[in-house]
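Going down the list, the protein sequences come from chains A and B. Residues in the first sequence are numbered from 1 upward in steps of one, following my numbering. Residues in the second sequence are numbered from 1001 upward in steps of one, following my numbering.
Derived from the structure by calculation, the hints contain no laboratory data. Some hints here could point you the wrong way.
Unchecked claim - Below, a list of computed lysine-lysine pairs in the PhoX-like style, where the Cα atoms sit at most 25 Å apart:
1) Lys236/A x Lys216/A
2) Lys301/A x Lys286/A
3) Lys1301/B x Lys258/A
4) Lys252/A x Lys1029/B
5) Lys263/A x Lys236/A
6) Lys315/A x Lys1286/B
7) Lys50/A x Lys1297/B
8) Lys1050/B x Lys1252/B
9) Lys1286/B x Lys263/A
10) Lys1279/B x Lys286/A
11) Lys1286/B x Lys50/A
12) Lys50/A x Lys1021/B
13) Lys286/A x Lys1050/B
14) Lys279/A x Lys1286/B
15) Lys263/A x Lys1301/B
16) Lys29/A x Lys1301/B
17) Lys286/A x Lys1258/B
18) Lys315/A x Lys301/A
19) Lys297/A x Lys1258/B
20) Lys279/A x Lys1279/B
21) Lys1286/B x Lys301/A
22) Lys301/A x Lys1050/B
23) Lys1263/B x Lys315/A
24) Lys301/A x Lys1029/B
25) Lys279/A x Lys1021/B
26) Lys263/A x Lys1297/B
27) Lys1286/B x Lys297/A
28) Lys1315/B x Lys263/A
29) Lys1286/B x Lys258/A
30) Lys301/A x Lys1252/B
31) Lys1297/B x Lys1085/B
32) Lys301/A x Lys1301/B
33) Lys1297/B x Lys1315/B
Unchecked claim - Okay, the calculated beta carbon distance ranges per label pair:
34) Tyr1257/B x Lys251/A: 54 to 60 Å
35) Leu1218/B x Ser32/A: 57 to 63 Å
36) Asp37/A x Arg1080/B: 30 to 36 Å
37) Arg80/A x Ser1250/B: 55 to 61 Å
38) Gly46/A x Ser1250/B: 50 to 56 Å
39) Glu290/A x Lys1301/B: 41 to 47 Å
40) Arg223/A x Leu1218/B: 39 to 45 Å
Beta carbons are placed, not taken as given, at the ideal position from N, Cα and C, and that holds for glycine.
Number of protein chains: 2
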Amino acid sequence: MFLTPYSITLPLASIVDAILKGERWAIAKAISILEDDGVQAREIVGMIFKHSGNARVIGVTGPAGAGKSTLVGKMIGAYRARGFKVGVLAVDPSSSISGGAILGDRVRMQEHALDDGTYIRSMASRGASGGVSSALRDAIRVLDVAGFNRIIVESVGAGQLDVKISSIVDVTIVVLNPQTGDSIQAIKAGLTEVGDIYVVNKADIQGANTLYNDIKSLVVDGRDAIALKTVAVTGKGVDELIDAVEHTLSKKLSNGYKEMVRKRVESELMDIMLSMLSKVVQERIKREDEEHRIIEKVLNKEMDPYNAAERIVAKVIRDE
Amino acid sequence: MFLTPYSITLPLASIVDAILKGERWAIAKAISILEDDGVQAREIVGMIFKHSGNARVIGVTGPAGAGKSTLVGKMIGAYRARGFKVGVLAVDPSSSISGGAILGDRVRMQEHALDDGTYIRSMASRGASGGVSSALRDAIRVLDVAGFNRIIVESVGAGQLDVKISSIVDVTIVVLNPQTGDSIQAIKAGLTEVGDIYVVNKADIQGANTLYNDIKSLVVDGRDAIALKTVAVTGKGVDELIDAVEHTLSKKLSNGYKEMVRKRVESELMDIMLSMLSKVVQERIKREDEEHRIIEKVLNKEMDPYNAAERIVAKVIRDE
Chain A
1 MFLTPYSITL PLASIVDAIL KGERWAIAKA ISILEDDGVQ AREIVGMIFK
51 HSGNARVIGV TGPAGAGKST LVGKMIGAYR ARGFKVGVLA VDPSSSISGG
101 AILGDRVRMQ EHALDDGTYI RSMASRGASG GVSSALRDAI RVLDVAGFNR
151 IIVESVGAGQ LDVKISSIVD VTIVVLNPQT GDSIQAIKAG LTEVGDIYVV
201 NKADIQGANT LYNDIKSLVV DGRDAIALKT VAVTGKGVDE LIDAVEHTLS
251 KKLSNGYKEM VRKRVESELM DIMLSMLSKV VQERIKREDE EHRIIEKVLN
301 KEMDPYNAAE RIVAKVIRDE
Chain B
1001 MFLTPYSITL PLASIVDAIL KGERWAIAKA ISILEDDGVQ AREIVGMIFK
1051 HSGNARVIGV TGPAGAGKST LVGKMIGAYR ARGFKVGVLA VDPSSSISGG
1101 AILGDRVRMQ EHALDDGTYI RSMASRGASG GVSSALRDAI RVLDVAGFNR
1151 IIVESVGAGQ LDVKISSIVD VTIVVLNPQT GDSIQAIKAG LTEVGDIYVV
1201 NKADIQGANT LYNDIKSLVV DGRDAIALKT VAVTGKGVDE LIDAVEHTLS
1251 KKLSNGYKEM VRKRVESELM DIMLSMLSKV VQERIKREDE EHRIIEKVLN
1301 KEMDPYNAAE RIVAKVIRDE
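All chains should be built: construct the whole structure from the sequences, respecting the hints.
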């Protein structure tokens, strides 16, 4: 009798109220709900969306071992000193089997863990890259409405995920390591076209100047990008990096920002729709196999995969 | 008058005939057509599909700089010495902007370039990961029907692409580098659950034994995987690696192989369907924006992205 429909929605609304007040437990709870990607995730987004859009988002990508976590730790300190509230989302590669994040060695950022103006969180990057993007976009919204005005997205490992992340953030920093000694690696990793700022970290070791010059001539010259050197462990160059980020942000905000945000909405809609459709598709393949043994037919080479797929798609899509 | 429909389809049939005879120009031409992903790509697959399924496919993944290309070069030699014909497909990360492969430093494999029993080819990994997988699966089929009975797929850079590739190949080798000094990097890269064989390359340098022991205890023990050490530059350990690959192959073939292939067909159908649907979806978003300014509504926070996506999906999907 006392169980009105509100008994279900009230807790979520309370979580959202607490997020808007910047309460840490609510932020943590909300991001976990987003990672689970259920009905509640959409409800949270529905409630916070109208408050979002105030934070600026900075992506930090680059090969494993380049010192990204250490650099992000120092960036937090520099931003805090300038009065910003900083959220950090570290996107870990998914375990394709368990589906969870394997580990987030956020140890190097722990010094900021008790600061109220800082929120650090690891996120799993699930199998489907659409899934990562959606959870990440929504987690950014949660930190945004909770009052964090600079949000750093650190991605672990270089690859398509990084390219994807660069289309979600406002400014992309690519961190490179002179120890791997090879700017070719950056080119191979597809990172040469996504960065606004290229950072040669560990600039105090041998090879740093060569890498810096390579990057300048290979990647930066002729494009609207910046190359910098840092020593993240000592903090050297970090303030200059923050200057470069802020400079890039204001340049983008005053020039073509609306078009960029429009494109982002378009690609977000695309991701969400494909993720919705992928559930439908999976179910239809199963059914088509039960009713018409379609997988068996491909296995027996009676039908090629494209014909099989086309046949199912024709049943899924509405005629115009 | 002389332009019958055959004037279009005849060349493709000739290409396919030449592929079946193992002619290199035809293989090259066919893979380029597959990369372009047009109507002709599907026609080629339609013609060769029934001949496919004889090759065994070996994936070689791992962080950039681990020495994968050098190792693959030595594996070619070892397989040739055992009488196999070896195809190599090196999947490079895409340039998200130009859409093409940036470079393929296949230099280390060049010694085999003039050998008729070897075919080496770089492939671009396009933006959509479904796209990569489809072109790769089909290129494997081309080499397969051209008579190559061992096909090595080398992926550049560790990330979701590697996890994806491991679901296409029969045996996955993960190559690790003691120089980066950190088995944590492998864990971070999500590589700990996809490998059948873990290779510590550059086994003659410091840190190799530590990495080997770490990998053995972290990844291999308790799972059905093998850990090995190689020095790719000198070829040390490469024969043992080939033994391990062949051992793993025959074990898989005699146990659960059919179920594995079935799952692969399912995931291939899924990829193809989502790629087909993604074109439909993109077009529908555009139309919905023209007719109902749906992107504008999201930008103005009148509608959240999930509601907008749901609304379009409802128009795309056929009711049951």
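Status of the hints after comparison with the structure:
no. : hint                             : verdict
1   : Lys236/A x Lys216/A              : holds (20 Å)
2   : Lys301/A x Lys286/A              : holds (19 Å)
3   : Lys1301/B x Lys258/A             : holds (14 Å)
4   : Lys252/A x Lys1029/B             : violated (43 Å)
5   : Lys263/A x Lys236/A              : violated (36 Å)
6   : Lys315/A x Lys1286/B             : holds (23 Å)
7   : Lys50/A x Lys1297/B              : holds (11 Å)
8   : Lys1050/B x Lys1252/B            : holds (23 Å)
9   : Lys1286/B x Lys263/A             : holds (11 Å)
10  : Lys1279/B x Lys286/A             : holds (23 Å)
11  : Lys1286/B x Lys50/A              : holds (23 Å)
12  : Lys50/A x Lys1021/B              : violated (62 Å)
13  : Lys286/A x Lys1050/B             : holds (23 Å)
14  : Lys279/A x Lys1286/B             : holds (23 Å)
15  : Lys263/A x Lys1301/B             : holds (15 Å)
16  : Lys29/A x Lys1301/B              : holds (24 Å)
17  : Lys286/A x Lys1258/B             : holds (17 Å)
18  : Lys315/A x Lys301/A              : holds (22 Å)
19  : Lys297/A x Lys1258/B             : holds (14 Å)
20  : Lys279/A x Lys1279/B             : holds (17 Å)
21  : Lys1286/B x Lys301/A             : violated (38 Å)
22  : Lys301/A x Lys1050/B             : holds (5 Å)
23  : Lys1263/B x Lys315/A             : holds (22 Å)
24  : Lys301/A x Lys1029/B             : holds (24 Å)
25  : Lys279/A x Lys1021/B             : violated (42 Å)
26  : Lys263/A x Lys1297/B             : holds (14 Å)
27  : Lys1286/B x Lys297/A             : violated (36 Å)
28  : Lys1315/B x Lys263/A             : holds (22 Å)
29  : Lys1286/B x Lys258/A             : holds (17 Å)
30  : Lys301/A x Lys1252/B             : holds (21 Å)
31  : Lys1297/B x Lys1085/B            : violated (58 Å)
32  : Lys301/A x Lys1301/B             : violated (50 Å)
33  : Lys1297/B x Lys1315/B            : holds (18 Å)
34  : Tyr1257/B x Lys251/A: 54 to 60 Å : holds (56 Å)
35  : Leu1218/B x Ser32/A: 57 to 63 Å  : violated (27 Å)
36  : Asp37/A x Arg1080/B: 30 to 36 Å  : violated (48 Å)
37  : Arg80/A x Ser1250/B: 55 to 61 Å  : holds (59 Å)
38  : Gly46/A x Ser1250/B: 50 to 56 Å  : holds (54 Å)
39  : Glu290/A x Lys1301/B: 41 to 47 Å : holds (43 Å)
40  : Arg223/A x Leu1218/B: 39 to 45 Å : holds (41 Å)
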